[in-house]
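Student: Below are the chains, spelled out letter by letter.
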Amino acid sequence: MDLTLKIWRQKDKNSAGQLVTYPLMNISPDMSFLEMLDVLNEELLVKGEDPVAFDHDCREGICGMCSLFINGRAHGPERGTTTCQLHMRHFNHGDTITIEPWRAAAFPVHKDLIVDRSAFDRIQQAGGYVSVNTGGVPDANEIAIPKTIADKAFDAATCIGCGACVAACKNASAMLFVSAKVSQLAMLPQGKVERKTRVENMVAQMDVEGFGACSNTGACAAECPVGISLDNIAMMNMEYLGAKASSENI
Amino acid sequence: MILDSKIPEGALAEKWDKHKFNVKLVNPANKRKYDIIVVGTGLAGASAAATLGELGYNVKAFCFQDSPRRAHSIAAQGGINAAKNYQNDGDSIFRLFYDTIKGGDYRAREANVYRLAQVSVDIIDQCVAQGVPFAREYGGLLANRSFGGAQVSRTFYARGQTGQQLLLGAYSALNRQVAYGKVKMYPRTEMLDLVMVDGKARGIVVRNLITGKIESHSAHAVVLATGGYGNVFFLSTNAMGSNATAAWRAHKKGALFANPCFTQIHPTCIPVSGDYQSKLTLMSESLRNDGRVWVPKTVEIAQRLRKGEIKINDIKEEDRDYYLERKYPAFGNLVPRDVASRNAKLVCDEGRGVGSSGLAVFLDFADAIKREGQPAIAAKYGNLFEMYAKITDENPYESPMRIYPAVHYTMGGLWVDYNLMTNIPGLYATGECNFSDHGANRLGASALMQGLADGYFVIPYTIGDYLAQTPYDKVSTDHPAFKEAEQNVMGITQRLLSIKGNRTVDDFHKALGQIMWDYCGMARNAEGLQFAKQEIRKLRDEFWQNVKVTGVNEELNQTLEKAHRVADFLELGELMVDDALHRNESCGGHFREEYQTPENEALRDDENFAYVAAWEFTGTGNQPVLHKEELKFENVKLTQRSYK
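Line order of the protein sequences matches chains A and B.
In the numbering used here, each residue's number is its place in the first sequence (first place is 1) plus 349.
In the numbering used here, each residue's number is its place in the second sequence (first place is 1) plus 458.
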């Protein structure tokens, strides 16, 4: 199939960017979206032009590195799919495809389609852990956890940290991302000890980073490639209220 | 050079405990006087950085990805082994040790592997304490499954994304230390040279991948946890960015590279679909617990199927050859990876392969679905089936998957002693980056185990022994050795940018991958390897005259990043061929066609090749020097591996 691509090109953080149009011919429907971009980049290189910079690594939908905003949708038109797992069979001959980076004040653009998501790491550093050192922990089977709880915690723990939730949200809110970790650890007995300080600190860091507020639109969960549920946000709000009600930080 | 493995004296089961007592300790108040660099933040790197930070050392951790959580350990699907014997099915530390030594075709060190089996039980405890959500039974206790090459259920798992959950656990421990200020994290930063002062590793030179700035970092010890080199083959199950540059540049500074030809070709991957293909996707080995592998019994039926004259369901049961069940009745579809891969190649070479290319075999779940029902199969493998459907546009619940082997893991790596230190004092290698525990073939669910064993439970002890004997003095990054290494990196960078040739980096990489796959892949022979060596040299020469790298150093330049990595692959590929050529035997993943049993199984030569081949760099294009570390087997009897 033949396509017209409109791709955001931006030299660096401090430069202005713009959409640039590239025609691309003979794309196989079995190619992945990123392989289609590989083909474009090889063509650009042969012509001596600067290839399009985009983030990607595992290309198996698990590392969370790929991050394109395709025709106005985070990770493109397929539900529950990262860009690297999106295949060209979902597009048609003659289509025009617009490709942009994640748009959020907390995710500044490094170059072209690559953004800085280090804010996510800083939120996790604020409390996304159980404070245990290596060694000296009890035998794994001394902590029995009901299967239903373990499965629910697992569902929350599958967040790949890609940032699609932020990109999809009109407020650029990071609530889904933050709540996934807060709920996972709040549900598990291992995480209960620090649950109050954890939610307070992670939410505080989220605000420092400049992410927007949540208005319960649900775009984040609809666009999440791994199906993180809105229930996590509800759970985090309850955790937060509970923590603040008895907090010593007020 | 004499290779001293530093294996402690004494009985196998007592070596590690004795060693832990004998190593020198660094007083808690003195640990803050030492700086440690950890390169790579996968399971081996993140666990090491976090644990060393907890102990009180000052750690600097580096990764080329935008966050430590992206390291390719995240993609491991199936599980992690541990000798917990929670299932009461006869597992023990000795059995895990024995299975790993045998699975590695008797080319690993007994002492290292035994230690690995010992600490495996601690890993599970640690991960659960961190909040890793392993699969559980209704009673609330941990679930297990069996995995290729083992007859007990010792594999702990988190659906089909165990690596993700373990890595996020290690990442959380790392984050905690970053918050405490004990670990300083440098993402989007790539190591491009090792710095040595007075013969010891004292730092690294890195490139900031956003600004292109070349920077030096000084420390008292350097830990490389930079993963494997499977991307030499271009197409592999590795992430696109996985590379050998840090390890290779350390090799060029004197670190020996051991058993480079031991590469693992994983049997269950989605077959190649076109020449645009950028990577191969693994379908977890756990699928072989319920899937049955087969091809048509005759070439004629296979041909008709490929041409579309008949459909899969037209092939009668008696015309299907479940070749693994037929040849290996005891293990059936659960034979180790090397055996499963080689047999897939064998039937495809016979002309009985399926799919348009003929380079695929079926993995069929029809019987399992009939036996257990679709919901039960979906609960076990749902995410894998979805992934398959997304990539191939076929529904594996209705028709069998098509699979073919693909490069997956590299058992070879930097040579290390029992302390995980390379032959360069102060330089350590952990996880897939080193060669130490898997011999010539790694068993399923053992990579995660080794990465975390090295990082959580081995190096925190052994690095203290070295540091306790190292003065506190820091080396300034103004030292001539740092300046020289920076110049070296700038030199390579400028050379790559100034060639301005006609052929892209990817084009060279693909050409190298094709040579490696054809002549140094699932089966090798002397003639092919000699040919490959010449071809690689020609390709490398052309690379340095004709590669096209656009842009400048002082920017985010992904082409330049790749050019550095491919330049190193072009040297490492030749070493892999040299190693494969010299090892006149077949063992594990190294199958030399000249050395096989009448039943086409790998034929080892224990008399002449029961050693670790550790290669010394002598200049690009020069013949490397071979150093041998004899392998002594005192606790297992070397036998022809049999899974019949």
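Rather than coming from a laboratory, the hints here were simulated on the basis of the structure.
There could be a bad hint or two in this list.
[Stated by the list, open to error] Far from chain B, by Cβ distances over 12 angstroms, these chain A residues were calculated:
no., residue
1, M380
2, E449
3, T483
4, A571
5, D580
[As the list claims (entries may be wrong)] Just a few of them, taken from the derived set where beta-carbon distance is under 8 angstroms, the chain A residues facing chain B:
no., residue
6, G413
7, R422
8, P426
9, T430
10, N441
11, V481
12, K541
13, Y589
14, A594
[Claimed, not checked] Straight line, CA to CA, 35 angstroms or less: simulated DSBU-like cross-link-like pairs of lysine-lysine:
no., chain 1, residue 1, chain 2, residue 2
15, B, K968, B, K1006
16, A, K501, A, K545
17, B, K642, B, K941
18, A, K396, B, K991
19, B, K642, A, K541
20, A, K362, B, K671
21, B, K1006, A, K541
22, B, K958, A, K355
23, B, K489, A, K545
All residues carry an ideal CB built from backbone N, CA and C; glycine is no exception.
Student: All hints are to be evaluated individually against the structure, with a verdict given for each.
Tutor: A quick look at each hint next to the structure:
no.	hint	in the structure
1	M380	violated (5 angstroms)
2	E449	holds (17 angstroms)
3	T483	violated (4 angstroms)
4	A571	holds (18 angstroms)
5	D580	holds (16 angstroms)
6	G413	holds (6 angstroms)
7	R422	violated (16 angstroms)
8	P426	violated (13 angstroms)
9	T430	holds (7 angstroms)
10	N441	violated (15 angstroms)
11	V481	holds (5 angstroms)
12	K541	violated (10 angstroms)
13	Y589	violated (19 angstroms)
14	A594	violated (24 angstroms)
15	K968/B <-> K1006/B	holds (15 angstroms)
16	K501/A <-> K545/A	holds (20 angstroms)
17	K642/B <-> K941/B	holds (23 angstroms)
18	K396/A <-> K991/B	holds (32 angstroms)
19	K642/B <-> K541/A	holds (28 angstroms)
20	K362/A <-> K671/B	holds (16 angstroms)
21	K1006/B <-> K541/A	violated (55 angstroms)
22	K958/B <-> K355/A	holds (28 angstroms)
23	K489/B <-> K545/A	holds (32 angstroms)
Of the numbered hints given earlier, the model fails hints 1, 3, 7, 8, 10, 12, 13, 14, 21; all others are met.
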